[in-house]
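Asker: Those protein sequence lines, which keep their order, are chains H and U.
1 is the number of the first residue of the first sequence in the working numbering; add one for each residue after it.
1 is the number of the first residue of the second sequence in the working numbering; add one for each residue after it.
These aren't lab readings, by the way, just hints derived from the structure by calculation.
Any given hint might turn out to be false.
Listed below are the simulated BS3-like cross-link pairs for lysine-lysine, each with C-alpha atoms no more than 27 Å apart in a straight line [as the list claims (entries may be wrong)]:
id	chain 1	residue 1	chain 2	residue 2
1	H	LYS32	U	LYS123
2	H	LYS57	H	LYS32
3	U	LYS148	H	LYS32
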Amino acid sequence: MARVLLFGPLRDLAGWREREIAPQPASLFGLKAALSALDPELGEAIAAPGVQVAVDKALVRGDVALAATSEIAFLPPMSGG
Amino acid sequence: MTIRVQIDPFEPGALLGGFCAGRSESGAVVSFTGLARAEHGATAALELESYPGFTEAQIARIAEDARRRFGLDDLLVVHRTGEILPGEAVVFVAAAARHRRAAFEAADYLMDYLKSRAPFWKKEHGPEGSRWIEPRAEDHDDLERWEKTPL
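Make the full structure from the sequences, and use the hints.
Answerer: This is the structure:
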């Protein structure tokens, strides 16, 4: 089961911070589709430009394969300092 | 090079003193402290979220880029998460170099990158409710200054 983490405004929008997604999606695009089916508003928000994705704490672009132990984080625009 | 992300408040003066102590080859130390603003009562508290492990790793990359770019002897970054009250320090950076120009520029560079490239999410709580702070257009312009300038 892929473990999904949401940060910042995405967390408030979805109403959760962390969730296991079953059945296990084979790829990041598959996971995004599963999240959209679960919550269309969240699906739209994670597709917005400026939202980055980290798989196992490394930034990724485009589609990548996911393992059962993968941790996938959706990162909205960052504001530190 | 030291990177710390912490919930506990810190005292910027003590950090600067510690960072300067025992240096005999660095001719310059420049530090920056970012404080939480009250916005004349509109902000009661800031809430900062990080992604433990990832946030430290991304800051370490920014810090390593700064170390190489400016030829720094050392640097320190301390960033708070959790609830931060107006007047409290949010972030502290210090850069040590042989000469002042590199240290000034490195502190400026570190803050520009921490503002919009470090994985933090900031929420403002006030009497009117709460809102997430989006990076401002100026923050992106600040980054562009460095990206346009060759190493």
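Asker: Each hint needs a verdict: does it hold in this structure or not?
Answerer: Consistency of the hints with the structure:
1. H:LYS32 <-> U:LYS123: holds (26 Å)
2. H:LYS57 <-> H:LYS32: holds (17 Å)
3. U:LYS148 <-> H:LYS32: Distance ~34 Å between LYS148 of chain U and LYS32 of chain H Cα, so the pair is violated.
In this structure, only the earlier hint numbered 3 is contradicted, and the remaining ones agree with it.
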